[in-house]
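So the sequences go chain by chain: W and E.
The opening position of the first sequence corresponds to residue 1 in the numbering used here, with each subsequent residue numbered one higher.
The opening position of the second sequence corresponds to residue 402 in the numbering used here, with each subsequent residue numbered one higher.
To be clear, the hints were calculated from the coordinates, so they are not data collected in a lab.
Where a beta carbon is used, it is the ideal one built from N, C-alpha and C, also for glycine.
Mixed in with the good hints there might be a few duds.
[To be verified] Simulated restraints on C-beta separations:
1. E/Pro460 <-> W/Glu195: 42 to 48 angstroms
2. W/Asp129 <-> E/Cys448: 26 to 32 angstroms
3. W/Asp129 <-> E/Val470: 42 to 48 angstroms
4. E/Ala495 <-> W/Ala93: 45 to 51 angstroms
5. E/Asp447 <-> W/Asp401: 51 to 57 angstroms
The lines below spell out each chain.
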Amino acid sequence: MPGELSRAAAIVGAAEANEIGYPKTPKTALQLHMEAIKNVSNQTGIPISRINGVFGAGWSSQIAEHLGLHPDYIDTTAVGGCSFEMHVHHALAAIHAGIIDVALVTHGENGYSQRATGGRGTGRARGGDPWDPGSLYSNPYGVTGAPSNYSHALTRHMHRYGTTPEDFAEIAVVTRQWATLNPRAVMHSKETHPEGGPITVETVQKSRIISWPLTLLHVCLVTDYGGAILITSPEIAKSLPTKPVWIAGAGENMSHSNMLEMGDFTATSAAASAATAYRMAGMGPEDMEMAMIYDSFTVTAGITAEMLGLAPKGEGFTLWKSGKAAPGGSFPINTNGGGLSFNHSGMYGMQLLVEAYRQLSGTAEDGVNGIAGKQTKARSCVVNGTGGSLSTTGTLVLVAD
Amino acid sequence: MPPPADHHVKGETVAYNKPIPEPDPLGKPFWDGAKAGKLMLPRCVDCSRVHWYPRHICPSCHSDNIEWVEGSGEGYIHTFAVQHRAMGGWAEEAPFVTAYIDLVEGDRMFTVLRGVDPKNPESIKIGAKVRVEFEAATDDVSIAFWRVAE
Ligand SMILES: [Zn+2]
Numbered sequence: 001m002p003g004e005l006s007r008a009a010a011i012v013g014a015a016e017a018n019e020i021g022y023p024k025t026p027k028t029a030l031q032l033h034m035e036a037i038k039n040v041s042n043q044t045g046i047p048i049s050r051i052n053g054v055f056g057a058g059w060s061s062q063i064a065e066h067l068g069l070h071p072d073y074i075d076t077t078a079v080g081g082c083s084f085e086m087h088v089h090h091a092l093a094a095i096h097a098g099i100i101d102v103a104l105v106t107h108g109e110n111g112y113s114q115r116a117t118g119g120r121g122t123g124r125a126r127g128g129d130p131w132d133p134g135s136l137y138s139n140p141y142g143v144t145g146a147p148s149n150y151s152h153a154l155t156r157h158m159h160r161y162g163t164t165p166e167d168f169a170e171i172a173v174v175t176r177q178w179a180t181l182n183p184r185a186v187m188h189s190k191e192t193h194p195e196g197g198p199i200t201v202e203t204v205q206k207s208r209i210i211s212w213p214l215t216l217l218h219v220c221l222v223t224d225y226g227g228a229i230l231i232t233s234p235e236i237a238k239s240l241p242t243k244p245v246w247i248a249g250a251g252e253n254m255s256h257s258n259m260l261e262m263g264d265f266t267a268t269s270a271a272a273s274a275a276t277a278y279r280m281a282g283m284g285p286e287d288m289e290m291a292m293i294y295d296s297f298t299v300t301a302g303i304t305a306e307m308l309g310l311a312p313k314g315e316g317f318t319l320w321k322s323g324k325a326a327p328g329g330s331f332p333i334n335t336n337g338g339g340l341s342f343n344h345s346g347m348y349g350m351q352l353l354v355e356a357y358r359q360l361s362g363t364a365e366d367g368v369n370g371i372a373g374k375q376t377k378a379r380s381c382v383v384n385g386t387g388g389s390l391s392t393t394g395t396l397v398l399v400a401d
Numbered sequence: 402m403p404p405p406a407d408h409h410v411k412g413e414t415v416a417y418n419k420p421i422p423e424p425d426p427l428g429k430p431f432w433d434g435a436k437a438g439k440l441m442l443p444r445c446v447d448c449s450r451v452h453w454y455p456r457h458i459c460p461s462c463h464s465d466n467i468e469w470v471e472g473s474g475e476g477y478i479h480t481f482a483v484q485h486r487a488m489g490g491w492a493e494e495a496p497f498v499t500a501y502i503d504l505v506e507g508d509r510m511f512t513v514l515r516g517v518d519p520k521n522p523e524s525i526k527i528g529a530k531v532r533v534e535f536e537a538a539t540d541d542v543s544i545a546f547w548r549v550a551e
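The following block holds chain E by itself, in its conformation from the complex (with noise of 0.2 angstroms):
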């Protein structure tokens, strides 16, 4: 039987079977970035703050005028929870942990974290510090996830 379209095998590389997100015009500084293994962050010009997801207007002082700075990539484990019970690519990686991170800038983002234990979710400490990687799902869309620092 053949492996199914989104699942085809590259070589020894397995494709990435996993919801590969629609880059939006909005974002689009920040999926750039991802491919070239940067994470770029918006920033509002006149109140100074990051803001994450990226916005129109600023969310803080609602002007209209956006930048898009390169982040750190650090930033702090918020909370977490396992996920036992995922649907299609993630299913098979079920047990996973999610996570919300504080990032360093400012704001927050949502991640599938790496470096844990899905088993002994009493060894993930909220508060402990986590960095930044980019994997490539296509050759145009890469995702960022979020490693904790050792």
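Same shape as in the complex, but just chain W (with noise of 0.2 angstroms):
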């Protein structure tokens, strides 16, 4: 039987910036929320103004102070790429006890464009602590940023189930084919990308090495996103032009924050958070028509997929293989792309919400999002992030009216 917060509300449209992916002129983080934000509010006809609680990853006052906004509910959970399916969870509490009934939940970040625009407009706080326990007992090892930290995870991963890189592969070759329906992603084509267009295993292996065993194309992209969606009381959502896509079920959960605090290597917090999500909904892996996975690396996606009882331990990689997850097949993943080929600002959560609403709402295929192919039938969607270094992470299933 589903809990008391199960469809207590629902999340009623989901936009993206203008631009998104590598721009031509450098974008500030604040500028990508700005444009998702106000393209929200046209989508669903909500006006800013009616937004009463504002969620985000960076510094969500300074969000709510530049749409000049005074929520009755302002949450700031920063914890990696997941956060936003954890704003999602905290929104659906908030609304069901009724302290709010419009939330908005926003991402910008310019993982590209800073590059150009360095530590300038990011809206959110920067800098190491030297006394953290990542800066005394793992930076002096020469570890730099996610990829050096994941690879230890599929050389675990390989060394207890006898997995292979090749195995973890193929989830970038499945994950290349739905970039190729979708106009928007980075790797669409020859035109959005030199190296775009479909790739095999053997391209994957061939690819530069970055950190073994993990070659660069089992690493997600750096790009530019702003992502924002509206989450409403059922009330509000039934009142709507845009179609309702039910929270059924929510859970987050966390193994770590520092990868010297994981326990054990080829598993992660999302087997906790699915169970709470799962046990919300009523419903269990087997109920799911497809998913959407935080894929910031192969390995993180192969995992997950077990975590979330999708796959058995150790076969977690066997959905993409045998082409259950590709375009056409029984089980599709990461249909927009993921973030290995389609858009991965550094916290790539909302890119999965955006996604999981169009599948949902059935808007995937709108010619701008999606051309022919990309739309599937799936009725139901568990939606994973994971953050930090295979830390965080927060579990959603959402279904549709």
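If you follow the hints, you should be able to join the two separate chains into one complex; please do so.
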């Protein structure tokens, strides 16, 4: 039986910034936020002034101030790319509690443009703390960013389950197939990127080695992105021109913050956050018809599929290798082209939400964000964000109206 | 052209040119031990568990009664990766092997692994025995590295 919070709120619209990916002129994070917010307001017909809850992973008071809002609920949960799935969880609870009835979850991040803009206009605090455990006990050993950390998980998975880098390369290959159906994907085609268009396992394995066993094409893109969704009470959701997508279940959890504390390198807290979400929904993995899974790396997606109960442990990659996850397959995964081939700004959780909304509202093939073959028939979708170094997770069970 | 300030030559030896941690008060016994060539580890007096990294309270039983003990300096490779891309002084050493080490006393440390061939990752064995060693980065800070035991 579904929990009390199940379907207590719906996502009623999802939109992106006007230009994402690799913009010709540099964008600031704030601009990417504002374009997406303006677009989702136009899409739903909900005036920005009607928003009474603001959720972001930067500094939500800055976003609210820029909009001239004085919201009743302000949430800056920022624990990596899964923050946005957690925001949906928190918004669901706040709406159910009657504190707010229109929640904005927003994301703006200029992973690409910041090469030109530096630390300016990002809307969030920066700078390392020299007494942080990572600064003291990890960084002296030459690790630089996520790829150099995540590779350790793949090595352990290979050791424990006898998997190979080629197995995980299948995830990159299938995800690229989806990107060819999304004109906004950075790797859509040779027109969007010199290396765009279809790839093979051999292409993935022969790409530049980054952090063994990960080569470049096992690793997500670094792009610009702005995205925003609006979540409302059921009463408001039913009055709008856009289709509601119901939040049937939500859960969050964490394994660690620093990878030093990762107990099992072949598992994440998605097992726990998904258990909570499935329980709330009164549904299980067998009831899911598609998935949006954070793919910062091929290994992230493969392991997460196992954690979500979509495949036995050690066999997550088979969903892709068998073609089930591919366009036309029986269980579509990452239909936007993923963080691997669509867009990854640094924190990718919003991209998951926007695509899940599009799929379940039947708008995934609008000619701009998708061409023939991208819209699936799925009526339910499990969405899982992963943040940090396989650290934190937020899981949602979303269902069509 | 003069060499960069952090890469000056003292006689025959080149100064340590990689990131040097700024020791904190919480981990002082570890940093003092490292300087003396000893692996000092925090251990909970109440539940006897060793934990890494240093804590204000025990992450297992939440006691605030923490003591420092000298570890055996031995451990095993839990998992590893070969870094082909790095910043600063480490860039000159790439490819190099990073690893998580299961300490004999319990819990886990991160390190750059020595005595392995980064060009042949298949030859590196998870579970292989490793031993700690220390390198003086400055007169005050020594850094722990682990080497595969012969
Ligand atoms: Zn204890």
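To see whether the hints hold, each was checked on the structure:
In this structure the supplied range 42 to 48 angstroms holds for E/Pro460 paired with W/Glu195, their Cβ-Cβ distance being about 44 angstroms. Checked against the given bound of 26 to 32 angstroms, the beta carbons of W/Asp129 and E/Cys448, roughly 29 angstroms apart, stay inside it. Checking the proposed 42 to 48 angstroms range against W/Asp129 and E/Val470 shows it is violated: the Cβ atoms sit about 27 angstroms from each other. Roughly 46 angstroms separates the CB atoms of E/Ala495 and W/Ala93, a value that falls within the hinted 45 to 51 angstroms.
Take E/Asp447 and W/Asp401: their Cβ atoms lie about 55 angstroms apart, and the range 51 to 57 angstroms holds.
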